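**Q** Letter by letter, the chains look like this.
Protein chains: 2
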Amino acid sequence: MLRTHTNGELRIEHAGTEVTLCGWVQRSRDKGGMIWVDLRDRYGVTQLMLEEGKSSAEALALARGLGREFVVEAKGVVVERLSKNDKMPTGDIEIKVKELRVLNPAKLPPFLIEDETDGGDDIRMKYRYLDLRRNPIRESLQLRHHVGREVRNYLDKQDFIEVETPVLIKSTPEGARDFVVPSRMNPGEFYALPQSPQTFKQLLMVSGFDRYYQIVKCFRDEDLRADRQPEFTQIDCEMSFVEQEDILNMFEGLIRHLFQNVKGLDIGQVPRMTYADAMKYYGSDKPDIRFDMKFVELKGEGVDLTSGKDFQVFDAANTVVGICVKGAAEYTRKQIDELTDFVRRPQIGAKGLIYARVQADGVVKSSVDKFYSEADLATWAAAFNAEPGDLILVLSGDGDKVRKQLNELRLDMGTRMGLRDPNNYTVHWVVDFPLLEYGEEEDRWFAMHHPFTSPKPEDIPLMLAGEFGKVRANAYDLVVNGVEVGGGSIRIFQKDLQSKMFEVLGFTPEEAQAQFGFLLDAFEYGAPPHGGLAFGFDRLCSLFGGTDSIRDYIAFPKNNAGRDVMIDSPSPLAQAQLDELKIKTTV
Amino acid sequence: MLRTHTNGELRIEHAGTEVTLCGWVQRSRDKGGMIWVDLRDRYGVTQLMLEEGKSSAEALALARGLGREFVVEAKGVVVERLSKNDKMPTGDIEIKVKELRVLNPAKLPPFLIEDETDGGDDIRMKYRYLDLRRNPIRESLQLRHHVGREVRNYLDKQDFIEVETPVLIKSTPEGARDFVVPSRMNPGEFYALPQSPQTFKQLLMVSGFDRYYQIVKCFRDEDLRADRQPEFTQIDCEMSFVEQEDILNMFEGLIRHLFQNVKGLDIGQVPRMTYADAMKYYGSDKPDIRFDMKFVELKGEGVDLTSGKDFQVFDAANTVVGICVKGAAEYTRKQIDELTDFVRRPQIGAKGLIYARVQADGVVKSSVDKFYSEADLATWAAAFNAEPGDLILVLSGDGDKVRKQLNELRLDMGTRMGLRDPNNYTVHWVVDFPLLEYGEEEDRWFAMHHPFTSPKPEDIPLMLAGEFGKVRANAYDLVVNGVEVGGGSIRIFQKDLQSKMFEVLGFTPEEAQAQFGFLLDAFEYGAPPHGGLAFGFDRLCSLFGGTDSIRDYIAFPKNNAGRDVMIDSPSPLAQAQLDELKIKTTV
Numbered sequence: 001m002l003r004t005h006t007n008g009e010l011r012i013e014h015a016g017t018e019v020t021l022c023g024w025v026q027r028s029r030d031k032g033g034m035i036w037v038d039l040r041d042r043y044g045v046t047q048l049m050l051e052e053g054k055s056s057a058e059a060l061a062l063a064r065g066l067g068r069e070f071v072v073e074a075k076g077v078v079v080e081r082l083s084k085n086d087k088m089p090t091g092d093i094e095i096k097v098k099e100l101r102v103l104n105p106a107k108l109p110p111f112l113i114e115d116e117t118d119g120g121d122d123i124r125m126k127y128r129y130l131d132l133r134r135n136p137i138r139e140s141l142q143l144r145h146h147v148g149r150e151v152r153n154y155l156d157k158q159d160f161i162e163v164e165t166p167v168l169i170k171s172t173p174e175g176a177r178d179f180v181v182p183s184r185m186n187p188g189e190f191y192a193l194p195q196s197p198q199t200f201k202q203l204l205m206v207s208g209f210d211r212y213y214q215i216v217k218c219f220r221d222e223d224l225r226a227d228r229q230p231e232f233t234q235i236d237c238e239m240s241f242v243e244q245e246d247i248l249n250m251f252e253g254l255i256r257h258l259f260q261n262v263k264g265l266d267i268g269q270v271p272r273m274t275y276a277d278a279m280k281y282y283g284s285d286k287p288d289i290r291f292d293m294k295f296v297e298l299k300g301e302g303v304d305l306t307s308g309k310d311f312q313v314f315d316a317a318n319t320v321v322g323i324c325v326k327g328a329a330e331y332t333r334k335q336i337d338e339l340t341d342f343v344r345r346p347q348i349g350a351k352g353l354i355y356a357r358v359q360a361d362g363v364v365k366s367s368v369d370k371f372y373s374e375a376d377l378a379t380w381a382a383a384f385n386a387e388p389g390d391l392i393l394v395l396s397g398d399g400d401k402v403r404k405q406l407n408e409l410r411l412d413m414g415t416r417m418g419l420r421d422p423n424n425y426t427v428h429w430v431v432d433f434p435l436l437e438y439g440e441e442e443d444r445w446f447a448m449h450h451p452f453t454s455p456k457p458e459d460i461p462l463m464l465a466g467e468f469g470k471v472r473a474n475a476y477d478l479v480v481n482g483v484e485v486g487g488g489s490i491r492i493f494q495k496d497l498q499s500k501m502f503e504v505l506g507f508t509p510e511e512a513q514a515q516f517g518f519l520l521d522a523f524e525y526g527a528p529p530h531g532g533l534a535f536g537f538d539r540l541c542s543l544f545g546g547t548d549s550i551r552d553y554i555a556f557p558k559n560n561a562g563r564d565v566m567i568d569s570p571s572p573l574a575q576a577q578l579d580e581l582k583i584k585t586t587v
Numbered sequence: 001m002l003r004t005h006t007n008g009e010l011r012i013e014h015a016g017t018e019v020t021l022c023g024w025v026q027r028s029r030d031k032g033g034m035i036w037v038d039l040r041d042r043y044g045v046t047q048l049m050l051e052e053g054k055s056s057a058e059a060l061a062l063a064r065g066l067g068r069e070f071v072v073e074a075k076g077v078v079v080e081r082l083s084k085n086d087k088m089p090t091g092d093i094e095i096k097v098k099e100l101r102v103l104n105p106a107k108l109p110p111f112l113i114e115d116e117t118d119g120g121d122d123i124r125m126k127y128r129y130l131d132l133r134r135n136p137i138r139e140s141l142q143l144r145h146h147v148g149r150e151v152r153n154y155l156d157k158q159d160f161i162e163v164e165t166p167v168l169i170k171s172t173p174e175g176a177r178d179f180v181v182p183s184r185m186n187p188g189e190f191y192a193l194p195q196s197p198q199t200f201k202q203l204l205m206v207s208g209f210d211r212y213y214q215i216v217k218c219f220r221d222e223d224l225r226a227d228r229q230p231e232f233t234q235i236d237c238e239m240s241f242v243e244q245e246d247i248l249n250m251f252e253g254l255i256r257h258l259f260q261n262v263k264g265l266d267i268g269q270v271p272r273m274t275y276a277d278a279m280k281y282y283g284s285d286k287p288d289i290r291f292d293m294k295f296v297e298l299k300g301e302g303v304d305l306t307s308g309k310d311f312q313v314f315d316a317a318n319t320v321v322g323i324c325v326k327g328a329a330e331y332t333r334k335q336i337d338e339l340t341d342f343v344r345r346p347q348i349g350a351k352g353l354i355y356a357r358v359q360a361d362g363v364v365k366s367s368v369d370k371f372y373s374e375a376d377l378a379t380w381a382a383a384f385n386a387e388p389g390d391l392i393l394v395l396s397g398d399g400d401k402v403r404k405q406l407n408e409l410r411l412d413m414g415t416r417m418g419l420r421d422p423n424n425y426t427v428h429w430v431v432d433f434p435l436l437e438y439g440e441e442e443d444r445w446f447a448m449h450h451p452f453t454s455p456k457p458e459d460i461p462l463m464l465a466g467e468f469g470k471v472r473a474n475a476y477d478l479v480v481n482g483v484e485v486g487g488g489s490i491r492i493f494q495k496d497l498q499s500k501m502f503e504v505l506g507f508t509p510e511e512a513q514a515q516f517g518f519l520l521d522a523f524e525y526g527a528p529p530h531g532g533l534a535f536g537f538d539r540l541c542s543l544f545g546g547t548d549s550i551r552d553y554i555a556f557p558k559n560n561a562g563r564d565v566m567i568d569s570p571s572p573l574a575q576a577q578l579d580e581l582k583i584k585t586t587v
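Protein chains in written order, with this note's numbering: chain Y, 1 to 587; chain F, 1 to 587.
Just so you know, these hints were derived from the structure itself, not from any lab.
Computed from a prediction, not measured in an experiment: that's the story for all the values here.
Just to be clear, a hint being listed does not mean it is correct.
[What the hints assert, rightly or not] Non-contacting residues of chain F with respect to chain Y, defined by C-beta distances greater than 10 Å in every case (computed):
no. : residue
1   : Lys96
2   : Tyr281
3   : Gln347
[As the list claims (entries may be wrong)] For lysine to aspartate or glutamate, the following DMTMM-like pairs were computed, each having C-alpha atoms within a straight-line distance of at most 25 Å:
no. : chain 1 : residue 1 : chain 2 : residue 2
4   : F       : Lys294    : F       : Asp548
5   : Y       : Lys582    : F       : Glu222
6   : F       : Lys280    : F       : Asp292
7   : Y       : Lys75     : F       : Asp246
8   : F       : Lys500    : F       : Glu437
9   : Y       : Lys217    : F       : Glu222
Even for Gly, the Cβ is constructed at its ideal location relative to N, Cα and C.
Make the full structure from the sequences, and use the hints.
**A** Dropping the structure here:
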């Protein structure tokens, strides 16, 4: 090895040892005949020291010529520092350099290689290999490695087998858009990249593999929103001879293991919430329950505290629903206006916002005092269990729509009130998702999870009776801090039921056979009951890291146009390559 | 859980326990009012037992209806067997069944689900999910999981970090053909699938990651030969601040760890052989050294034991070289003819084969007695250290060509003599590969390993002087039983040398910049000395499994036409999909 030690390991007890270190120049100072160089590698920083008259002229000259990010090898002796730095683990010592060698010089980097950098997103992505030198990014990828290792530790102990499924598979019309790959050996035909190994893991269950997992790249050719990547990584799992309860227990165990071993946190039991309750109390299928602010209906099914007072807005709405923000009664007019502007943004789409403050004296003052008496407003406050100092925020409109709007407001209020600390974790399941949802635009039913999800056995009669909207699925999501980090279902394992499902989704029997014949066939050769789930690995890592951005947890991410700006990809192909593939571009 | 135990875990000490088992019907017998069913899962087989008059009529009827591969749930009590079966771990017990439930019936499988099956390759691939139920295939994939886990155990302990590199990258003209992926968001442009993460792992070294690995899918669009797959898995590794010696030591350690922990074998030190010696003594850069039969030259550089005896064939050849096969002097005329036919096959291409037997009395008899006296032949025997009972086989012709022919003969003789036991392992390095090789057809130089491989520092002057054929690389292969399981190199880390390398390979500076500008740029911002290697994971697993076929170690392999016959892929795309991608097929 060129080096004897890393830059993170030398301590006072090494004093007197001859060492050779390698690394990058973080910074250097030249003062009063002394030169100090901070040498950095993945493991830490160690200070080098050279002294006029004591170090060789050659080493001194080299040291004076060092720029930021030069790659250097230094031989010398570990000595105790005069002025120690207790902020760094190696801060008690420095290296009295005898020999210095520049392994490679460096141009001045286009941005600072520091925890807080001056580089914008674009330049950091173009020079991602420099961005990766910064501690926060390096630590993100180290965390990712750690999470992956702990996932494997847990699942291996539970008798899961990691099996690799193919990347070159077959395009299917259901779901998101596929990336495709022309086949040179089969001209005119294409492979597709998997959106998930779903059908393969089910076939592995038919094969008797019983407990499967894979940490695997998946691909979706969707228009990219912030924090979506065309390629992403899943922790993909499947089990046989299980019911939903078994899956929930097994993967509660996984998530508990990860929190324990990665974060040192005991998350305790993982509560469960039905989809219906999640929508009712939070207007979201992935509620952030780090804070309360549950929805309370002033008007809705079996309740009406607003009608008959000539307030047209509420009278015209089928739903009046609000949240109670503890201790926010002091919000100024300006702050309330901001909230109103927030809910009126086109992507939220509420018409307006009604508020009511509970004053210190218990009297409720509202923006609709004109219509509602003090006694009326007191019934509101009671419905919310509101106390003096609380602020009630109310939206009105059409059931599901207004709930989604209120969800946005609730999350915004949570943030404003400082209730969404990324280092405070809540973990819970959402269960009993609907099996199907209606697509207005396409005028047909879609699988809410995917076409292989089993209806609840007790709801199969509803499905057969055509009451598709009422059928609940044996499907579940795991939610951490209001983010869906995983989801799955018990699968259909009977050919007839699977065929029925394809029929409901609008497949002809021929189409179903052409696309999924291998799976339907497999179900006839002894398919066991099975189910599973997949976690978004990138997302899970970012949650453990305490940030919202998954990009920092991906070594070489793509931008929102699906481009890797560092390697400049995608790019045009040579004509000969297209000819060989027997394809043509039509741009 | 549906089951309380697996089919591999019940023993005599469980007698009396109420259990529920699930699995597949391996076979059933119905005899004298008794029904026995062998129930199989991944963990083993357990015998179920039902008895006329004791079991319920319902359970008996169900049991009588069971076919092979039905999926069954059985509740009952563990009892000691009357006639024990010591061939199976659960052979001391059986389950006296109280309740039986068919979870899913099964059609008769198209081939036997047994260790030795009656199914041909095609039918087993079409129903791969059934083939995977067979013990040998299941065990192959379990072995693969085990090898993967041990790879990670070793590398994690050595401070390597697993980093995922992208799958959607950029097409490069050098090397094998790329699979490409049209970009919908960037019409007319394409991603490519990686043949290896080579440039990305080098960038990770520039980033300071220092020790990287990844178990990663790679892709090559080559015409498939037997046992080549378009997608395959590599154990990809890279280290910084190292020299070749450090890499060899680190990965000797890995391979030693794997043999120890997967096979329970101590392989001891891993010997090294230069490429020059490998070619000289074995005619191959991946010699199988499980057996000796080293090449001996009768005519070549500095030796000539054949000229001047009027044997035109040898006189016209620049090289006469042979092997000595211990104890094969008794080979019959017919067997020798077979060998002659073997070396004359077009894919080997020798003109003929000369033999010499060392008789029990020490006299050497040869097929060229006409030209060579007993004394002449004695000098041959001495050159080979041949003893009574040995057979000498000799080929002649042009240096490198004849060596390659003799390599084939040597391997064939090793097989014939039973010297190539797949469970007897030899592991060694081949080092000092040439940097460049000349492509006659294209009339240019090619990188023997890849364009990022460093020449040996002492050979750089040869490179600059244009003596490309003489330049040795800091490149190395790991060979197990005559199979290359891994290879790598110390990389170029200086921009100038890398540019020179691209120039030698025929790139214009503009082409080099367009293709690899990101890497050349990266080398200017502080690139450390680095190197690494990659192992073929599929191949490594097949070697540990003691077979030649990698297919058994891949869950869902493709056939020689690159097709997955199970899912019927590749396949044509819908016109709308092509339109959206702005491509057209030209078939």
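**Q** None of the hints should be skipped; say for each whether it holds.
**A** Hint check results:
With a cut of 10 Å on Cβ distances, Lys96(F) stays outside the contact zone with chain Y, its closest approach being about 21 Å. With a least CB separation of 32 Å from chain Y, Tyr281(F) remains clear of the 10 Å interface cut-off, as annotated. With a minimum CB-CB distance of about 22 Å to chain Y, Gln347(F) clears the 10 Å threshold, and the non-interface call stands. With a C-alpha separation of about 23 Å, the suggested pairing of Lys294(F) with Asp548(F) holds against the 25 Å cut-off.
Taking the CA atoms of Lys582(Y) and Glu222(F), the gap is about 16 Å. The hint holds against a cut of 25 Å. In summary, the hint linking Lys280(F) to Asp292(F) is supported, as the alpha carbons are separated by about 14 Å, within the 25 Å threshold. For a cut-off of 25 Å, the pair hint linking Lys75(Y) to Asp246(F) stands: about 19 Å separates their Cα positions. Taken as a hint, the Lys500(F) and Glu437(F) pair is honoured in the structure, with Cα atoms around 16 Å apart against an allowance of 25 Å.
With a C-alpha separation of about 23 Å, the suggested pairing of Lys217(Y) with Glu222(F) holds against the 25 Å cut-off.
The structure fails none of the hints (numbered hints given earlier).
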